[in-house]
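Residue numbers (the working numbering), protein chains in the order written: chain A, 6 to 198; chain B, 14 to 868.
Don't read these hints as lab results, they were simulated from the structure. Predicted, not measured: the structure shown is a model, and the values here were computed from it. Worth double-checking, as some hints may not be accurate.
What the hints assert, rightly or not - In silico DSS-like cross-links for lysine-lysine, where the CA-CA straight-line distance does not exceed 30 Å:
1. Lys118(A) - Lys501(B)
2. Lys667(B) - Lys705(B)
3. Lys208(B) - Lys57(A)
4. Lys208(B) - Lys52(A)
5. Lys101(A) - Lys501(B)
6. Lys132(A) - Lys57(A)
7. Lys436(B) - Lys501(B)
8. Lys52(A) - Lys118(A)
9. Lys472(B) - Lys442(B)
10. Lys313(B) - Lys350(B)
11. Lys436(B) - Lys472(B)
12. Lys52(A) - Lys101(A)
13. Lys592(B) - Lys472(B)
14. Lys350(B) - Lys472(B)
15. Lys52(A) - Lys313(B)
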Amino acid sequence: MAEQQEHIPGDEPEQAGSGAGRTGSALAVARLLHRECTHLLQLFREKESFSKDYTPDGGRIVSLSADSESSTVEQVLLLHSALRQCLGLIHCVIAKEEEEWGELEGDYESMRKNVRQRLEYLLHTTKALMETDKTILEVTPDHQCTEEVDGLAGVFALKMWTYRVLLELVHWADHAAQTLHKLHSETGEENDN
Amino acid sequence: MTQVPSLKILCIFSPVCTVNAYRNKNKTFFITDIVDTMTRLLTVMVLFSQVFATRVTADKPGAPQCEPQNMLLSNVSRELLVTWEVHASCASLRDQLIYELVVLVEDKPVHQEEFAVMADHIGSSHSWSWMSFLPLECASHSVQIRSRYTNQTGPWTTGTLPGLEPSAEIQVYPQDHVFEVGSRATFCCIVPLGKTFSTMFLSNYRDAPSNMSMVNNHTYALTVDLLWPTLVSDADVKCKAQMDEGGSCAIVGYPPSDTDLQCETRDFQSVQCFWTVGPQIFSDPTTYWLLEKSCNGQPKGKCSQKVKVNNGERNWTLIARNVLGSIELVDEADLTKRVYMYAPAHMTVSAVSARNVTIAWTWTVQQYNLLNLTCQINLYDGTTNIQIEMCDIGLQSVVLNGLIPNWSYSAKVQCATETDFWKWSEWSKSISFHTKGDIPDALDVWMHNVNHQTLIIWKLLEDHQSHGHIIDYEVTWTDLAKAEQENKICVVHPTHSIALNLSTFQKYIVKVTARNTYGSSDPSQIFISSQSQDPEMITSRINGTGGGFSLSWAANVTASCGYIVDWYPVSGNSSEWLKVPPSNTSATIYSKNFKDGVRYILSVYICTEEAPVLLEKREGYVKEQRIPDNMFNNLRWQQHASDVTISWDQISLKEQSAHIYGYVLYCIDESTVLRVTTDDPEATSLTAAKLKMYSYTFTVHALTSEGECGLTTINANLSIQTDDLVSAIIISLVTAFTLVLLITVVCYRSWACIKQKIYPPIPEPVLTGKWLSPKGVVPYCPKEELPVAVPKLHSLPRMSNDGYICQRDQLITSTKIPELDLPLKKNILQTSSLTSTRLNIPSVWVGNSGEYYPV
């Protein structure tokens, strides 16, 4: 697959200007991440001959007790936490897959790397967006690779777990886009007022 | 005990019974026919033997002390391992003890085997292993075993290794197993209780023959023929039960198949081996051990280990191993005869002179100093590589001779053992050096006669001949008749010719030397004599080939120093030359100055102790070119009556881009083309005869090997020439005058007769009166005829044969109207009256009334 380069608005989150501008940048990154996660999942399905209809058991890997009545800012903070766990998962997937099959250089591996970097960037973006003197946000992966994966029996189980992780990434990237869109809308209204 | 076998026997001999039993459970039956047959046969054998054995045991107890005790079944590396012990008293047996074993999968016998224990091994614990076609996790595997000693058998002892029970998730076995290409693998799927099996298949793998069967209520088996290796990704066995999915990965590959092990040493302290690497298993590459030491981290197909290399042959062993097996490659060799030397190190250059240099190096391995070595020195002079080979014990330096002075070189060295040549070492690093300068090489001198002068020319020395910067040239010439008188002139470089005014009647010797900062070259001399030229020599034609000329000549005994081939363009003032040794009588000459369409004069001279003697002279083109149009200069025409001569100026050789074999003239008028040719290449005119007085276009072409070319055109209007016309008119007039005069004379002399004939005298009317006319005289007429009629006053005009109309004695002429000629004659003859409008006939006055009547 030919390598594509896209322009990402707000390439320097630390220097972002107004609130609306920064949330707009974060929203754009989240949407791009969602698109890349979806593509990564598609590449994985093609590589491993998984049916598109198949949904593995096990429910959500990353789950947060989000209160439906919580404010948008609180939702973004929860989202940041979820994205950190997602980053931990993609780190773990990369480590386990490279351990099993070595460092390959196919389309899947290339997109996997893209997703990891984009997720890291989104974490930096949301941190810059939400961090205050009272709220300190981390951007490091929040997942111990040994927790779940060591319990997996066999390579096939690793594939199934990877599949779940990729579905999880798609879900949370979509969730990030929605939440940041909501924040962006509210920030825009405030600015208008 | 006896009832169960009998029930089984009934079922075994009745497939319908078995099938019906499964159908009653609404399950599909997939066991293959072969397995069925084997199972039934084994069951029959086992059950009969059990029945029989039971009877024997009951009737006659055998060796009860040797019955298996503490029997254990376990899964060791997918193999069914059976271990048991025997009573210590059994050790007293003198003959071998036989154990009969029967394996049952899900209570169906699938394998039977006898296990012999030699007398000296009796008394200890025993083990037996067997690879089941089905993963041990998939179904219960039972083993029945009994002892037999001297036809006495003991009772059956049974042990069971149960398969895995269904769990909450789908289980597929074996997990992550590596299979050999070409093997048949059986995978099983254990479906969770309450779930309905859907399907089981192999994905991520090329098409493979497969067969699915049911092992028990919740276990299904998929048997696949694995015909292809998995190259970049493992294959997946997937099992689906309703919405659940489980699976396992499988890798298919080859056991090691590396070949061609070859070992050598570089330093006598280690061995280095190479081999051809066979196919690798995806994700599980083959590992290697050389001399029982791992080769991990070393390049593919190559491994070296430290070992002291001594004289004598020995085995050098490499073990290649992967999960499917291992192989051992052996190379039997004396490595002291397989020395792959390291490249010479620390290259140095010393004793650099104009033509010699010494190159030296050192060895990084001390043992090399004791070896008989052969070394290749590669000398590069900027354009070519020269290789020099030298041999010696522990060779460490060479002297290079015959180098070009003032020249840059680079040299590198590679060596090998001379006695037991194995292979060349790598090349050493290159070392560069520059030789010292020297006097120039002798010049190559020649002469060329131009405009009554003798041009002395020499070739500029090339870099490898000048040996330093050329400053100038010294030319001396001496009249051999006045040997004491030497003329000298200095020519500054890069001029490389000088014109001398030498007498054509004298012999001269001319010497030329080149001078650089290191001195003057040896003089090159040439004798100049009039015999060098022969203007009468016939020049023959030569055709160029391949961008040059190939010419040969007859050998000449006087050619003491060979021959000189000299060539120059007909339009040029300088020449080039080639000196040919006496043994050669042919030469192929090329020059960067050669051009197509240019005529060259080539001369072959005999090189003698004195002046060169012209042997042959030729002329030709490297490649002829079509002569461009309008080549003919001053094209003109001249008419001679009906002949026309077309002329042109002589065509110079310079203008001829091809040999001219002749000329052709085309005379073209409106309807015809006349072609006139000549095969005389020296012709300067062509004549076309008997042309009509029309307008013509004359085109002249030269005939060459390229066809008719050089087209030049001229137009001309041919007409009757004035002189001829005047002559014709005068002749006509004179003729006419003479004729008239002659007629006049004749008429005069015969006038009376003529008058009598055409105008006889009119008799006078007989009248009386005064006015009577005088008597007329009647002239003599030889053929006088008497008038027969009285002339009438009015008579019709009479037309003569030439168209003239006569009226009485008058000759009446009329304008000739060609188109009216005949009708007029007819009218005249047929019509009695004529009108003056049709025929302009002078009127004759009749009467005096002022009226006239045309007659």
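We went through each hint and held it up to the structure:
1. Proximity of Lys118(A) to Lys501(B) is assessed by CA-CA distance (about 86 Å); at most 30 Å being required, the pair is judged violated.
2. Proximity of Lys667(B) to Lys705(B) is assessed by CA-CA distance (about 37 Å); at most 30 Å being required, the pair is judged violated.
3. As the CA atoms of Lys208(B) and Lys57(A) are separated by approximately 22 Å, the hinted pair is consistent with the 30 Å bound.
4. Straight-line distance between C-alpha atoms of Lys208(B) and Lys52(A) comes to about 28 Å, which keeps the hinted pair within the 30 Å bound.
5. A distance of roughly 94 Å separates the Cα atoms of Lys101(A) and Lys501(B); the hinted pair therefore is violated under the 30 Å criterion.
6. Pair hint Lys132(A) plus Lys57(A) does not hold up; C-alpha atoms about 34 Å apart against a cutoff of 30 Å.
7. The hinted pair formed by Lys436(B) and Lys501(B) fails the criterion: a straight-line CA distance of about 62 Å is larger than 30 Å.
8. At roughly 16 Å between alpha-carbon atoms, Lys52(A) and Lys118(A) fall within 30 Å of each other, so this suggested pair holds.
9. At most 30 Å may separate the alpha-carbon atoms for a hinted pair to count; Lys472(B) and Lys442(B) exceed this at roughly 38 Å.
10. Between Lys313(B) and Lys350(B) the alpha-carbon distance is near 25 Å, which keeps this suggested pair within the 30 Å criterion.
11. With a C-alpha separation of about 47 Å, the suggested pair Lys436(B) and Lys472(B) falls outside the 30 Å cut-off, and the hint is violated.
12. Between Lys52(A) and Lys101(A), the direct Cα distance comes to roughly 17 Å. Compliance with the 30 Å bound is thereby established for this hinted pair.
13. For a cut-off of 30 Å, the pair hint linking Lys592(B) to Lys472(B) stands: about 12 Å separates their Cα positions.
14. For the proposed pair Lys350(B) and Lys472(B), the alpha carbon gap of about 55 Å is over 30 Å, so the pair is violated.
15. Pair hint Lys52(A) plus Lys313(B) holds up; C-alpha atoms about 28 Å apart against a cutoff of 30 Å.
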